[in-house]
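Participant: Residue strings, one per chain:
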Amino acid sequence: MSTLSIPRPEPVAQQSAPPAAYVHPELAGERHVLHVRGFSLHYGKKQALFDVSLDVPERKVTALIGPSGCGKSTLLRSINRLNDTIAGVRVAGAIDYQGRNVYDRSTDVINLRKRIGMVFQKHNPFPMSIFENAVYALRIAGERNKRTLADAAERALRATALWNETKDRLHGSALALSGGQQQRLCIARAIAPEPEILLMDEPCSALDPIATAKVEELILDLRAKYSVAIVTHNMQQAARVSDFTAFMYLGRLVEYGPTGTIFQTPKRGQTEEYICGRFG
Amino acid sequence: MRGPLHDTISRATSHAMYTICIVFTVFILTVLALVTGYLVYLGFSSISLSFSTEDPTGNPASPGGMRNALIGTGILVGLASLIGVPMGILTGVYLSEYDADSWLAGPVRFVCDVLAGVPSIVVGILGYELLVVPMGRFNGWAGALALAFIMVPIIARTTEEMLRLVPNSYREASLGTGASKARTIFTVVLPAAMGSTITGIMLAIARVAGETAPLLFTALGSRYLTTNPNEPFPSLTVQIYKYATGPSPEEKRLAWAGILILISLIFVLNLSVRIISRKMHTKAE
Numbered sequence: 106m107s108t109l110s111i112p113r114p115e116p117v118a119q120q121s122a123p124p125a126a127y128v129h130p131e132l133a134g135e136r137h138v139l140h141v142r143g144f145s146l147h148y149g150k151k152q153a154l155f156d157v158s159l160d161v162p163e164r165k166v167t168a169l170i171g172p173s174g175c176g177k178s179t180l181l182r183s184i185n186r187l188n189d190t191i192a193g194v195r196v197a198g199a200i201d202y203q204g205r206n207v208y209d210r211s212t213d214v215i216n217l218r219k220r221i222g223m224v225f226q227k228h229n230p231f232p233m234s235i236f237e238n239a240v241y242a243l244r245i246a247g248e249r250n251k252r253t254l255a256d257a258a259e260r261a262l263r264a265t266a267l268w269n270e271t272k273d274r275l276h277g278s279a280l281a282l283s284g285g286q287q288q289r290l291c292i293a294r295a296i297a298p299e300p301e302i303l304l305m306d307e308p309c310s311a312l313d314p315i316a317t318a319k320v321e322e323l324i325l326d327l328r329a330k331y332s333v334a335i336v337t338h339n340m341q342q343a344a345r346v347s348d349f350t351a352f353m354y355l356g357r358l359v360e361y362g363p364t365g366t367i368f369q370t371p372k373r374g375q376t377e378e379y380i381c382g383r384f385g
Numbered sequence: 026m027r028g029p030l031h032d033t034i035s036r037a038t039s040h041a042m043y044t045i046c047i048v049f050t051v052f053i054l055t056v057l058a059l060v061t062g063y064l065v066y067l068g069f070s071s072i073s074l075s076f077s078t079e080d081p082t083g084n085p086a087s088p089g090g091m092r093n094a095l096i097g098t099g100i101l102v103g104l105a106s107l108i109g110v111p112m113g114i115l116t117g118v119y120l121s122e123y124d125a126d127s128w129l130a131g132p133v134r135f136v137c138d139v140l141a142g143v144p145s146i147v148v149g150i151l152g153y154e155l156l157v158v159p160m161g162r163f164n165g166w167a168g169a170l171a172l173a174f175i176m177v178p179i180i181a182r183t184t185e186e187m188l189r190l191v192p193n194s195y196r197e198a199s200l201g202t203g204a205s206k207a208r209t210i211f212t213v214v215l216p217a218a219m220g221s222t223i224t225g226i227m228l229a230i231a232r233v234a235g236e237t238a239p240l241l242f243t244a245l246g247s248r249y250l251t252t253n254p255n256e257p258f259p260s261l262t263v264q265i266y267k268y269a270t271g272p273s274p275e276e277k278r279l280a281w282a283g284i285l286i287l288i289s290l291i292f293v294l295n296l297s298v299r300i301i302s303r304k305m306h307t308k309a310e
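Same order as they appear, the protein sequences are chains A and B.
Note that the first sequence covers residues 106 to 385 in the working numbering.
Note that the second sequence covers residues 26 to 310 in the working numbering.
There could be a bad hint or two in this list.
Stated by the list, open to error - With a straight-line cut-off of 20 Å between C-alpha atoms, the simulated SDA-like cross-links for lysine to any residue are:
| # | chain 1 | residue 1 | chain 2 | residue 2 |
| --- | --- | --- | --- | --- |
| 1 | B | Lys206 | A | Val194 |
| 2 | B | Lys267 | B | Leu285 |
| 3 | B | Lys206 | A | Thr190 |
| 4 | A | Lys227 | B | Ser194 |
| 5 | B | Lys206 | A | Ile191 |
| 6 | A | Lys150 | A | Arg357 |
| 7 | A | Lys165 | A | Glu307 |
| 8 | B | Lys304 | A | Ser278 |
| 9 | B | Lys277 | B | Phe69 |
| 10 | B | Lys206 | A | Asp213 |
In case anyone wonders, no lab produced these hints; they're calculated from the structure.
Keep in mind that this is a model prediction, so the values were computed, not measured.
Put together the whole structure using the sequences plus the hints.
Facilitator: Given below as structure tokens:
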């Protein structure tokens, strides 16, 4: 991949405000489950997101792509307010979910996170049994009925194609599973409470190609029930797995549209250059 | 100064240094072995079953045993742990999990570090003024509280260090599923650090079981078997002190036996800590 023609953004002093993001018209026809409106974020003095507006369609897979440091993970983590745990974070703008701004003072963050599940880059099952991992979310919601827990665990593990591999050792340690299995267990943990939205932050980057293929297959199946937003470094993965793709650069949304269109006939020059591997 | 002479001097210096290191090591190990051997020999020859089945008789010629002291130390350390362990763990949790950089955490950490190094006689005198004088007499509660006072800073700092070692990904995963912070700490983070925390607690117990000065001023010690902490309370360390500094050779022999028991206890606790640590490390791999 040539790095000779990395486009340098013009120095700010000489440039007028960067062009607004181009949102393809096909998105308007979708039902949306989440609306990011004019969202900005600062880590202390450094601004990481600049006035991002994005609507996440329902029951589709939306990929966020862009070079390192473009803010895609930051945006994803802002949706379920996981950035609250980082000191010095300031936000502006809104993220509307179910008619209310997620950053409202009155929002119950705990409840929010029960309806928006998250899967992380490095698989992180708890040091407990496979069963306990799968039902963790239900237990903290207060569910005690053994039958309900067992059913939920089975459902989640079947959905992630782990059931056959683990049904005989549900109470064995989750850490004894392979990397790919652990990540699928983390996905099972995230979907067990039946959230509406599933956020996935580079879920395959720590996995080998075979495990990656299995997880990608799983993501395509998850579309039937959940709205998925996935951050990925891997453009081919975005092309394989997503219905819509958003390209971000230096904290701004550059272009957003159906995956096919973004990859074949992007409207913005920067998008095209990234897709063709000229930078990033 | 290059050349063969230089090399020879260089090599000779290396050898000399190496020899000096070996000599010092052997010297220290020999001294340690002799002292320990002497202690074990003295203690062994004085130990008998009656040590743990009889109470002191008060008769210098045949002093009986130290059963009350053994039980006394057990109860004092037990009570101290009941008070000190939860307080220490919760302080450690606060320092690590809640506002790790808040205005309160810095001073608390500093105070813990200072208190962990305070001479135990200071704790004893503090206990006397605050706990013995108001109650009017020496008592076991004061002794237990003085020991707890020593335990808390040690356990707090160890717990904090161990909690910090738990990877952040566990916390994020738990918060991501909608667990509250407290839930996350007590169902995921603390259990993940539990093995190391337990070793920290065991080391604190080993430290406190061997303390004499705080108990001298608070529990005072007693010749009788008692389980009532409202009275002066016996303990192994104080009993050893009394016998070892007294005139009676019979009592002195009992003191040696007591020392052997104390050292064995601390040895066993430390060994357990090592075994647990090793098991945890191999499990983590």
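Participant: None of the hints should be skipped; say for each whether it holds.
Facilitator: Hints and how they fare:
no. : hint                 : verdict
1   : B:Lys206 to A:Val194 : 18 Å, holds
2   : B:Lys267 to B:Leu285 : 16 Å, holds
3   : B:Lys206 to A:Thr190 : 10 Å, holds
4   : A:Lys227 to B:Ser194 : 8 Å, holds
5   : B:Lys206 to A:Ile191 : 14 Å, holds
6   : A:Lys150 to A:Arg357 : 17 Å, holds
7   : A:Lys165 to A:Glu307 : 17 Å, holds
8   : B:Lys304 to A:Ser278 : 16 Å, holds
9   : B:Lys277 to B:Phe69  : 13 Å, holds
10  : B:Lys206 to A:Asp213 : 13 Å, holds
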